[in-house]
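Dock chain one against chain two, each of which comes alone in its own frame, and use the hints as you go.
Each chain, letter by letter, is given below.
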Amino acid sequence: MRLRVNGREFDEEPRAGQCLRTFLRGLGWFGVKKGCDAGDCGACTVHVDGEPVHSCLYPALRARDRAVTTVEGLAPADGELHRVQRGFLDAQGFQCGFCTAGFLMTTAALDDDKRADLPRAFKGNLCRCTGYRAIEDAVRGVKHTEEPAPGESVGRNLPAPAGPQVVTGTARYTFDVAVDGLLHLKILRSPHPHARIRAIDTTRALAVPGVRAVLTHHDAPERLFSTARHEHPEEDPDDTRVLDDVVRYVGQRVAAVVADSEAAAEEGCRRVEVDYEELPYVIDPEEAMRPGAPVIHPKGDEARIARPQDNVVGETHGEVGDVEAGFAQSDVLHEQTFRTQRVQHASLETHGAVAWFEGDFDAPDGRLVVRSSTQTPFLTRRALCTLYDLPQEKVRVVAGRVGGGFGGKQEMLVEDIVVLAALRTRRPVKLEYTRPEQFFGATTRHPFTIEVKAGASRDGLLKSMRMRIVSNTGAYGNHGPAVLFHGCGESFAVYRCPNKKVDGYAVYTNTVPAGAFRGYGLGQVVFAVESVMDELARRLDLDPMEFRRRNIIAADEEMIAPGGVEEDLHIGSYGLDTCVEVVRRAIAEPDHGEAPPDGWLVGQGAALSMIATGPPGGHIADARVVLQPDGGYELSVGTAEFGNGTTTVHRQIAAGELGTTVDRVTIRQSDTDVVRHDTGAFGSTGTVVAGKATLRASQALAALVLDFAAQHLGVARESCAMAEDAVVCAGRRVPLKELYEAARTADRELAADGHFGGTPRSVAFNAQWFRVAVDPASGEIRILRSVHAADAGQVMNPMQCRGQVEGGVAQALGATLFEEVVVDERGAVTTAAFRRYHLPTYADTPRTEVHFTPTRDAIGPLGAKSMSESPFNPVAPALANALRDATGVRFTRLPLTRDRVWLGLRDHGVAREA
Amino acid sequence: MDLGTVTQMRDARRREQWRPGDAYLGGGTYLFSEPQPHIRRLVDLGSMGWEPLEVTPDGLVIAATCTVAQLNRFTAPPGWQACHPLIEQCCRSFLASFKIWNMATVGGNICNALPAGPMISLTAALEGEATLLALDGGVRRLPVAEFVTGNGRKVLREGELLRSVTLPTYALRSRTAFRQGSLHRLGRSAALVIGRHDPADGSFTLTVTASTPRPVRLWFPLPPAAAQLRAALEQAVPPGAWFDDIYGLPEWRRHLTLRFAEEIRAELTTAPVAPGEE
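Heads up: the sequence lines are chains B and D, in that order. For the first sequence, the UniProt record's numbering gives the first residue as 1, with consecutive numbering after it. For the second sequence, the UniProt record's numbering gives the first residue as 1, with consecutive numbering after it.
Watch out, some of these pointers could steer you wrong.
Chain D side only, calculated, beta carbon under 7 Å to chain B, not exhaustive [to be verified]:
#, residue
1, Leu3
2, Gly4
3, Val6
4, Thr7
5, Gln8
6, Ala12
7, Phe32
8, His38
9, Met103
10, Leu114
11, Arg185
12, Ser203
None of these hints come from the bench; they were simulated from the model. Even glycine gets a Cβ: it sits at the ideal position worked out from N, Cα and C.
One chain only, chain D, in its complex shape (with noise of 0.2 Å):
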């Protein structure tokens, strides 16, 4: 929609004062989806020139401004097996049809902090870190399941600015299992749950999003016992901490939860299909 009260729009190469009212300006698929009547300009991102996915001998750095159809198509070095199906998997968890893929940013998804945030859910299962710039030049690196800090809430300041999301490699090297539970077919997230288990140390991490209001991230040495893991997420959630809002009722998102973490411990605790035997 129009966003009336929006007069400027500024290349954000452009190094200009920071003013109340700025707003970045990513693929625009969320701040032109609402009403934004506090924003006066906005700092378009458009023309940053970001290399939107980079392998590095550390992992993958993701650019803010890489959109989901980028992220979708991205085709994964050889022993990156938590790459494939994981991305598709989150990508295809957005409520959005593949049309706003093509415009929507991973960064905007992380950045909007929203529980069903999909990009939220796969960068921080895969150990995102995301890298900050301020607007005076400092940098800071925080993991993202801590960038999120509740519903809609992020550790974001005025005029600070998410420049990108690292994957290490050792988590890209990772078994991952996934499950997605919502009221409609092909719906928005009422419960994500993500498993991913380190086969170079045996580790196993769980990491729970959209049923709660910021994600939740259980890490065990090695894969738990049922119970293990249940009695974890009970204590990491204890009654009255899930999520509630129109997309599910909180019993039924605990429920799903539940049901999907032991899914998903199931499946990382048996052996892997080798490719050809499925």
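Next comes chain B alone, as it looks inside the complex (with noise of 0.2 Å):
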């Protein structure tokens, strides 16, 4: 078949049943992403004859004789970038990335009436990072970037390294390479919910053309692990095989087939035949702990979970003081109990793993390589050689860009099974998760339920809090206990109250599993926090945020959760007083907002919280930064880039401290071969954990190449200063270049390493405003103003900051107004597709506006603090105190849809029935 793309001719024959987007990539464009696969997300958008079309769809033996223009065809064919890349470039219209192509296909098709409708023009387009502003910017040309200028780096808007990259779909994402003899792996999922494997029969499958190995619990190794990374792997229980005897949920790997194609291997699992026996089951995390419920994990102390015998794969107990005096003390009482959805990460680029043979893996140089979508390099390496007794040196773990995280790629959910396919067929091994596994084969976030109880006296003081916790880790113990843990934490700390009690359960249960998920328990825990603040000030007939400001903790109060205090956790730096100011500020303004529709309920509701800076026990970073022979500077950070931005902070905080500009310094990152170590982008510790290292390492090469400037001239060190790309030494300018010649003459490296170890560590502050409407007719919530302040300490990129707060508040939104992983009463996942899983789209979601505290922490470098994870937390609240305002209902359940919103308006009278 004979076809043209981006202006070059092709002939080669599609498959029957191929779609585009597939046979581009085949021949090599590989900025044609998958999002969904299925139409919804808009990633894979091309133009065919010059219509725009999603390409997951598209025949591509349709495409016969066709003109077809990727996003690597955009741009004219004279060097310049095409209009549309260049406003994604000015306005940083992108964070991770991988949906950018789509955006941009999509955009440049736009005609005059659709450009004015974007809310419609882009309902085939889902962006999980941005929340849309700065596509909105993008599109209409507002420009933000600023252009570097020596040493003055921090605080300003420069734009991200990868920029260029993204805009003209050259940026390598994990499947983004073409690895010769390739096979492709294909995962059987267990239909039940919990059963014992009494035999697998993999003959048919092994017949089929193509299948090169089928896997089974029989090949896997025995050994006990988590899917869960953290820098301790005591923090989760060992309760996971790769492949194992016993499924536990709907959705469980049972085998997995290796083929050439990954049809044959799809056809390979479809002829596996697997004789069950079902095992009784139980899906509610309250009928799990109670006597006689199935047990998920019958197994020893070896694996670390609490109490096996009744699914509690982790808990919690403290109290500071008395809570039930403090009850008595109190002259209003709230007692309610909320309830949080399974929420998923949706990251557009899904999991998966490519691992490939450098040299003989048997010779002592040989080695794997493992490149994955993964936020932890360094600690999946470490996994996988425990997992199969190999050493270090034999395996590599790379991440190319990631398309986005969000903490569901703080787990290793591939890359294990795709070592062992390696392993055992000797060859390169591809695992591509599609939308639907990401649904039912990965993880969600916790749901949770929270039985609180809170009393306050009569002047608007907090005297007692206690809460019953419970969270659901579904079927496997990854991140079950450390996200109730951070749950208890911050949530409580943030009080003044002198009675603090907790009860918190992770259970088991033959669900899907939790994992790690932006906020990590904190949102979740928040959200009922602050709703039961909103309800006593209401009690108390006080302001809600007028009783905040009472009861919150001062700059110089220690953080108490009913646990006790964390000896590494300290108020480094204190925004909580001017964010609740920012609200109030918000809350007396005249509304300039959009007008609420006649017969429409508006009201005004808010809610704060408090993160820690990273994880408690420690969070290590190593970089290291070489001067090289042009008189630019190569800066290896471990961490990985994932549209969190720290590669943009990382490179600013070096070009600052080298005097030089961002474009003089590259980066090497997210690689096991860069550094000696790096835990990983996970906790909110991207600026401040590994950007402090980088800190460190350049604070130490600028001292280097000045004492060895001094050195070589031979006059005092004191006389020299860094200079863009030359070291000045009392007016004399040497260059860099020459600096790194002398040095090599002198058998000398001009390179310094900086380390970190993640403590001792601050705390960051968000609140978040929200004035709705309702419609008691529909229960339709409109959002008319949105306000959010941040303390994130010195902000490093205003521009980027900024989009991690609009993100996570978009992304907050969709958790709190529509997404729900849904599952059916045998555990089984109902909603594994963009089009039953909905995201919020740009029509969705509202601008907010964004507040910096003029804060300069004293632990995070440079005076700054992390703000990734926290904009999230108090979204939720906020919103339903909002919606409380509104129409004096209480709504202690997420999602908010319409369709529940208005039933409970209904049955409170609220609402009339047509």
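Right under this line is the structure:
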């Protein structure tokens, strides 16, 4: 079949059932992305004869004799960017960039009418990172990026280093590599919520042409591990096998088929015959804790499960003061139960990995390379080596650009089976999750049930707060205990209250496992705490923000959770009062937003939250900066870039310390070859931990370069200063290129390392406020105004940090208003597609005004604090509080979908039935 | 997505024996959006060359292969007031974007027989008659509202093909009113209700889709009173018969439908606003 792609002629025959997306990628056009493979997300948008289409739905054979344009062909041939590409670069209308090609190709196809109605024009394009404001600015030609200037980088809107690659479709994500002789892996998954595998017959699967291997529990190591990745593996229970002879949820791996093509592997999966002995199952965590419930993990102490017989994987019990006495002293009490649902991360790039060999693996220098969509390359290497008894030098783990994470990739969900297949076949192997697999074969946010009782005195002071928390960790305990513990920390500690108590349980059920998710348990508990704070204030007839102001901890106060005080956690800077003030100012301002429609109810509500700027127990980063022959610098960091923007910040830090411009700093990253260790890009540590290591390495190199320059020229060290591309010594300019040569002649390398262990830690603060209008006739909630205050310390890059906040608010709005991974009575996921699991679209997402507090942290690098997970946390309660204010009805269960809101209003007599 | 089990694509113009595992390929926007492990061969309607939209003395003939984009661009002859804005309103009720409209076909949407299929809403409301071609060349015709029999269910027999839908002139000359409700802004329909007032005979027809598993049609010789319409609707859709899926709870869908029905009745029983007066 002949066709023209980006002006080049091709003559290749597609398969009969092939879609244009995979056909184009097979021709090497990796700019065409797979977000959903079902027509919902638009990441694969291309033009066919000038018309935009979703190439995942377009039969490849229909492209015969047609002209196809992908993002790689968008720019005119003269080397300039297309105006749309320039717009996305100038506004930095992307974060991870995985959806960007689709947005570019769609935007380029809009006529004036469509451009005037972007909510409708972008119906078929999903972005999970940005919250769409930056995309709107990109389309409208608003420029945010600044030009680099020597030494002045912190606090400036310098662009992401990968921007030019992102907008031209040349950034290389996990699967954007061509590997010779690649085999494809597909997974057969359990149809039962709990079953023992009596027998597996792989004969018919192995007979499928192209099938190279079928792996079952007989092939898997006996060793138990956790898919969760933490610096200290003992934080998670060892309850998982690569392939197990017991399956514990619908969707769990049963077997893996490795074949020459995905189609053959799929056919192999259909032909594996499994004899299951079905076992009793339980999907409700309260039922799972009752005597007589099926025991999901009958394992010994070595698995580190708190109470296996009761299905409790982790628990926490703590009390400071005496909560019962506190209730007795209270003038008002409020008691309520809150529920949060299962939510999926929905990063646009799915999970997956490609493994191949460098050299002969059995030779001393041969090794295995694993390219993975991961937030934790170093921890994944460590886990793989432990699992398969390999020395670390035999395994290299690399992340390309990662297409979104949100915590979902702080897991080893695919690398273990890919490596098993590669070791078995001694061939390169790829596993790329489908979008449905993301829903039933990966992880979700932990659903929480939180029973709160709180009391306050008439003068508006909190007296006592008690919570019983049950989190549903699903069939495996990855992150279960840690998420529960984190949920019970800063949520309590942000308020001064003499009596606090918690009983928390992370519980196994026969459902898809939960895992790490942006906010890591805090958002769930903050939903309950901030809803109750709002109710208490109403009972006291106090303005809820005034009530909060009276009870928040002060800058010099201890942060006390029911479990006590965390020794390495400090208030390194304090912007909480300012966050509260930002909200109070917004409330006081006259409405300048959208006017509510007639008959709608209007209200406003707020919430605040605190988060530690890193996980407890240490978080390690190494960085290395090396002067290059051309006089530039190379910065190596371990941490991954998945749209969080830390690469931009690292480069800014290095450029600032070295007195140069960001474009003279090149970066190598997320590769176990480049530095000694890096715990990973999670726990909001990219700026404060890896950034601090970068700062230290850069400072050390600057000192080294100055020492060497002084020595080289025979002048006083004090007379020397770093400049853009030179060292200036007593008025004389020595180019860095020359210094590099001089050092090389002297057999010296001008390089320096930096290290940070992630402790001590500070805290960051956020507050969110909404004004909403609610239609009692339909249950629709319209956000009239959204204001967010963020205390990120010294904001390293306001444009990017604003994007993090906007994206966090948008993602949280999804979890507040629509998103829910629904499971049926057997725990099977029924919402395994974007058309069934509604992500916020351009049309759904309001603009949020972002205000940063003028703080500077004593602990974080150059005064910076984290601002990646935390904007998510106050959003749900702020919206529920606004809804309460508008309607008088307290909603305690998420999501607040129109149908449920309408039913709630009807049941309380606020809405009338037609 | 790739359909791994499909090993052949044949042009539907070539007369070949229909086999188990054959499936007609219209725009592909549904077929390629979900795994189809039962399909072995695609019978491609892409080269049939059927005129997408034909204005005839009987009305408008929409070929099954007419794309949503082509339908949306249709300019109606004078007097066919039902076409605008109803066609666009229905096209816009697709969850899918305008890019999908370039590929998706009217016939494909109807044959999917989903409660929220907006081409079903449109053609059922405008008295559309489906023309079906059997493998043996036999032709049968039936109303679109009867073509769809339930959620994803339709009367098509093995190998039978939806050729076209004809919207009769009298329906196209009617006044229409449209309401759609969804869980999300610009989202998939939870209730889609269309009213049609025929100026020729004064009759009033209400077509309910999305909130019921299949189209529900109510015909009145004259516009009904509010209570009469409501009673007829509640009789046609008893409690428990409202559609229940993740796009909306049945009670809420019932409420929206009753509300929309009354709004439509009120709209169509007031005198139309002449062009220029708005």
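Quiz prompt | Hint check, failures only | solution = 6, 8, 10, 12
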